[in-house]
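Number of protein chains: 2
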Amino acid sequence: MLPKLKNLLFFLVFLISAVFSSSSYHPLDPLTPSELNQTQTLINNYFSSPPQNVSFHYVGLDEPEKSHVLSWQSSSRNQQIPSRRAFAIVRVNSRSREIIVNLLNNSIISDKFYNGYGYPLLNYAEQLAAGNLTLSYPPFIASIRRRNLNLKEVVCLSFTVGWYGEIKSSRVVKVMCYYLNGTVNFYMRPIEGIATTVDLDRMKIVAFRDRVVTPVPKAEGTNYRFNSSVQGLVKQVGPGFTLDGHVVRWANWELHVSFDMRAGLMISLASIYDQEKGKYRSVMYRGFISELFVPYMDLTEEWYYRTFFDVGEYGFGLSTVTLEPLKDCPENATFMDGYITSQDGTSALMPNIICIFESYAGDIMWRHTEFGIPGQEIQEVRPEVSLVVRMVAAVGNYDYIVDWEFKESGSIKVKVGLTGLLLVRGTIYTNKDQIREEVYGPILAENTIGANHDHFINFNLDLDVDGVANSFIKNKLQTVRVLGNTSPRRSYWRVNSQTAKTESDARIQLGSGTTELLVVNPNKKTRVGNFVGYRLVPGVIAGPLLSDDDYPQIRGKFTKYNMWVTPYNKAEKWVAGLYTDQSHGDDGLPIWSLRNRNIENKDIVLWYTLGFHHVPCQEDFPIMPTLSGSFELRPTNFFEHNPVLKPSQYATDSANLSESGQ
Amino acid sequence: MLPKLKNLLFFLVFLISAVFSSSSYHPLDPLTPSELNQTQTLINNYFSSPPQNVSFHYVGLDEPEKSHVLSWQSSSRNQQIPSRRAFAIVRVNSRSREIIVNLLNNSIISDKFYNGYGYPLLNYAEQLAAGNLTLSYPPFIASIRRRNLNLKEVVCLSFTVGWYGEIKSSRVVKVMCYYLNGTVNFYMRPIEGIATTVDLDRMKIVAFRDRVVTPVPKAEGTNYRFNSSVQGLVKQVGPGFTLDGHVVRWANWELHVSFDMRAGLMISLASIYDQEKGKYRSVMYRGFISELFVPYMDLTEEWYYRTFFDVGEYGFGLSTVTLEPLKDCPENATFMDGYITSQDGTSALMPNIICIFESYAGDIMWRHTEFGIPGQEIQEVRPEVSLVVRMVAAVGNYDYIVDWEFKESGSIKVKVGLTGLLLVRGTIYTNKDQIREEVYGPILAENTIGANHDHFINFNLDLDVDGVANSFIKNKLQTVRVLGNTSPRRSYWRVNSQTAKTESDARIQLGSGTTELLVVNPNKKTRVGNFVGYRLVPGVIAGPLLSDDDYPQIRGKFTKYNMWVTPYNKAEKWVAGLYTDQSHGDDGLPIWSLRNRNIENKDIVLWYTLGFHHVPCQEDFPIMPTLSGSFELRPTNFFEHNPVLKPSQYATDSANLSESGQ
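Line by line, the protein sequences give chains Z and E.
Using the numbering used here, you'd call the opening residue of the first sequence number 1 and step up by one each time.
Using the numbering used here, you'd call the opening residue of the second sequence number 1 and step up by one each time.
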């Protein structure tokens, strides 16, 4: 009787509180602590005679019907919420059950056995128990002794086991153990060769095998914590860098920022300080936008020819704009001037056409929370502050925002934002329904067609990865079929690494995402024998849709491949040729590259095209919200290990404002 | 004699200044104003007897040899810079010439005619002159009168003409004219049907044709300037939003933020205030991570089974971490708690597992600089402040940072950052050169292999674009060949729009970037007749590399397509099935979708998979710098026009901190 009375009391208390508080609910609010407790009590009572062991695996809101939520919402939310239910998955006597609780009248309204394959979410308690079971299992203890390890420094985790065609299964996990002993980063110290299988419902070890002894990797170099806690990492970023003429030094980076009336912003001699080696190491000799090809898809007599090469025809430098403090660049930005030459040869000042600033968007450089070490709370987080070098070119109607972002991790992220005004065509039509002919783009407003077009932005990237002589490597991820019964698995993928010998080997149409693009220095290896390298990680990809024999495509043939690689040649700078206006396609990268020169272990240049196909929409009218694309150059075995493990200590005394307060 | 004397004097003055200042040069510094003037003077003098008209088209640094720069750099920069030269392209007597100037001894060291195809950069003066020539050309004036336009409100621009197979060419541009008369955004008011061709070298109109009269689009709605100038757009972002229970209101957005012990963060009922319509319009009923599949590519006995489903096996909510102020989230963040249920049914507080903050990274929402209106300086820029809702799940070794970013433009950007610790395997090897067998990943440190693996993150996106009944549209960009001689062009692309009738029509493997993915409300059109819609813009793409018949792939078959669409069904929530641990692949999306249900004009759900193939590198050891992937939901004809044209005025009184100071 007592439980029932308790139940009734609880229900009365609940009813009162529900009446007084239900109006503050949103029907999609997660279950409150009191609702969760109510669910626990109801379910425990439900299984109390005879008492059964109930293991909870999931409790969450059983959502009201969508139609009810929408009707509640459209009723200005004055109605009482449509329903309030909990959905629980529990294990009782090694079977999964789905229970639905009506929280408003405190009753179980459904209880269903689940008889299919698979098991619910693991809960923490059973994972912990499985680990502890292993740690006290004599054969396991013997295995640890055999490896001369200290059992007190071993931590064990439960790994889900998947399914490999077994007809019958029980709810098991494999327990995999790791070694602390001098590090909190036990994940880097796996104790290989031992497999322990634990049945979670029975909490028993059902299989154990010690197959092979493999060295446990050393603790040295695995720690990611500071000895002292880092207090007050600033979010208010300052200038944070020094400017010595055109040379910028920030954190571990040094680079030269320049301006050219054709290319606009140019980054040169970017190198990064390697704390371990105690010196700057070169990454990129030069990077700039070599061309920006914008073909329109409108064949109207006054439009067909519009296939602009903005860099070679109008000049990206000539089109740079004076950046507006607090709007184009944040408060902490520093500005740089540039000079162009006018028709009569007179130089003209272009004030504030480049800005340089530290940026903190609230992002995280790296982090980890470690739940796995008993009695320890470990959480290490480093905010991501980066340095941005920006220019904006307004080539007629379009505005291009070009950002070179340098990260302490060694990554260079290059971002192009498209904004400004569309090139639109006047038309007789005022509504899409009137249109029965080809109009070459969507209607955006009355009498206004937004012509379809592309933007292909080619970057000339003269990488010098830790020296001038580099090789270009295509790492192709390839599926391998498993033969015979050597493994329960039937496939995996591996990396097929191909060094490009000549230019034709390095022309790549991206898309499938299964080829990694790597530039290595084949003359330098890390201590464990990897070639030092940088990887180009593509973002938005677009290739040409024009026919090969169409005139604009003959002139813009560089778009045929997202990537080309050439040996460095000072004269080969502009991807669509030096004289681009009315060019015939007989100068430029596709022509130079016909020679199919050797590019292995040479001073090489990457030509990477970032592209957009642009079908305009009404939101682009009358001015277009920024649409961005980017790619990233990421160190890949360039450093011996994560280069941002410790607080930065750089070669120069330049202010390192990404840390403060200690 | 006089010019020569002047020349000599200039040279002496220059020589003195060069001696005293050259040490402050970096060899890659752009030309200084005095160097530019020196170049002008030298070239003008060079063409002074007999006097010839010299038009400058490019002047820039003629870079020193790369080897000289590197040698200068490695000499600790104490050497004098290797050389200092200017490269100029000029037009003299309708011919292009390339001139190299030695600035150190003030001489022209090379002058070369360019006899090939194509022409140099256009300069501003000639573009302006071509426009003015057109504006004063009687037939053009007659054409403007014929259209009843006011000539004083017409502005003209020079468009480069490309090349369409002509054997002979002259340096011409086409002049295209626009109408102001009530707007500064003349680009939205093209005067169509008139083609004027100007020879730039002779500065003469060489062709004129007035083919057809088309209405000039109206000025109304095209202006992008504020009437009053906006002062002091804040960069110091504040909380900037209101939290009413779990409902967040920020700028023009309203959304419900929730937490589930399996899914973690859930966004519901996201809707955006439409200033023009004066009401909130629904965008997304629900969005959350439905599964995270991480198969490893290691067939070792203790490894082959590691093919984790982190959401369905370990729980993304169960794995969420308490976010650390100032590190995981910026200073201005607000935190939200969550509750989970333990094994015994007791609820447990998870403090601060969601944070919400305004973010300003220094980005630009939209901008334009207008050079084209004589006598006016127009520059309008809006900084991009967005709202981020974040959670972090540490599923064992890996940390996943999940950001839902809401922009005033109506865009929702969803970003996942991967950081934390790799799962590594112990090995006997200490150097790559020792390895002769398959080890399933690169060596990262002594005795440490980083196992190759994938991350497939599936998002359940129940979009309700301006209402519940939606359709999914594939906009395929397709090349069209031009037949016959109807145009000088031979091709263009157009949009082939396909509405998915049933589920099988909507399964898509992305890659080529030529299909746009659109969700529209087929029952609602904009005023000009477009269906209101939202577009999903993919970022990083990866598909499965495992064989279809491999067990992990049978269970993770949802990865086969980047996109699937289903009719809404409350029971279909978890892409790899409700009971994922040891599942057999007989529940989940690929099974439900076999029914091939009708999805046209229905309540539909998008299932989008964001993927990474991860070949580890040494920089990932012992902790991995964040690697990010994202996708964006962008309004596409959802609004009548750019929704962030004017300073925001929202339905609620909630603080709109993206504007201040007026």
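Don't take every hint at face value.
What the hints assert, rightly or not - Have a look at the derived ranges for each label pair, beta carbon to beta carbon:
#	chain 1	residue 1	chain 2	residue 2	range
1	Z	GLU153	E	PRO351	27 to 35 Å
2	Z	GLN376	E	LYS476	37 to 45 Å
3	E	LYS560	Z	VAL206	28 to 36 Å
4	Z	ASN598	E	LYS560	36 to 44 Å
5	Z	SER512	E	GLN80	27 to 35 Å
What the hints contain is simulated information worked out from the structure, not anything from laboratory work.
Glycine residues also receive a C-beta, built at the ideal position from the N, C-alpha and C atoms.
Outcome of the hint check:
1. Look at Z/GLU153 against E/PRO351: about 30 Å separates their beta carbons, and that is inside 27 to 35 Å.
2. Checked against the hint of 37 to 45 Å, the pair Z/GLN376 and E/LYS476 fails, with Cβ atoms roughly 55 Å apart.
3. A C-beta distance of roughly 34 Å is found between E/LYS560 and Z/VAL206, which places it inside the suggested range of 28 to 36 Å.
4. Taking the beta carbon of each, Z/ASN598 and E/LYS560 are about 41 Å apart, inside 36 to 44 Å as hinted.
5. Taken as a hint, the range 27 to 35 Å is violated for the pair Z/SER512 and E/GLN80, whose Cβ atoms sit roughly 51 Å apart.
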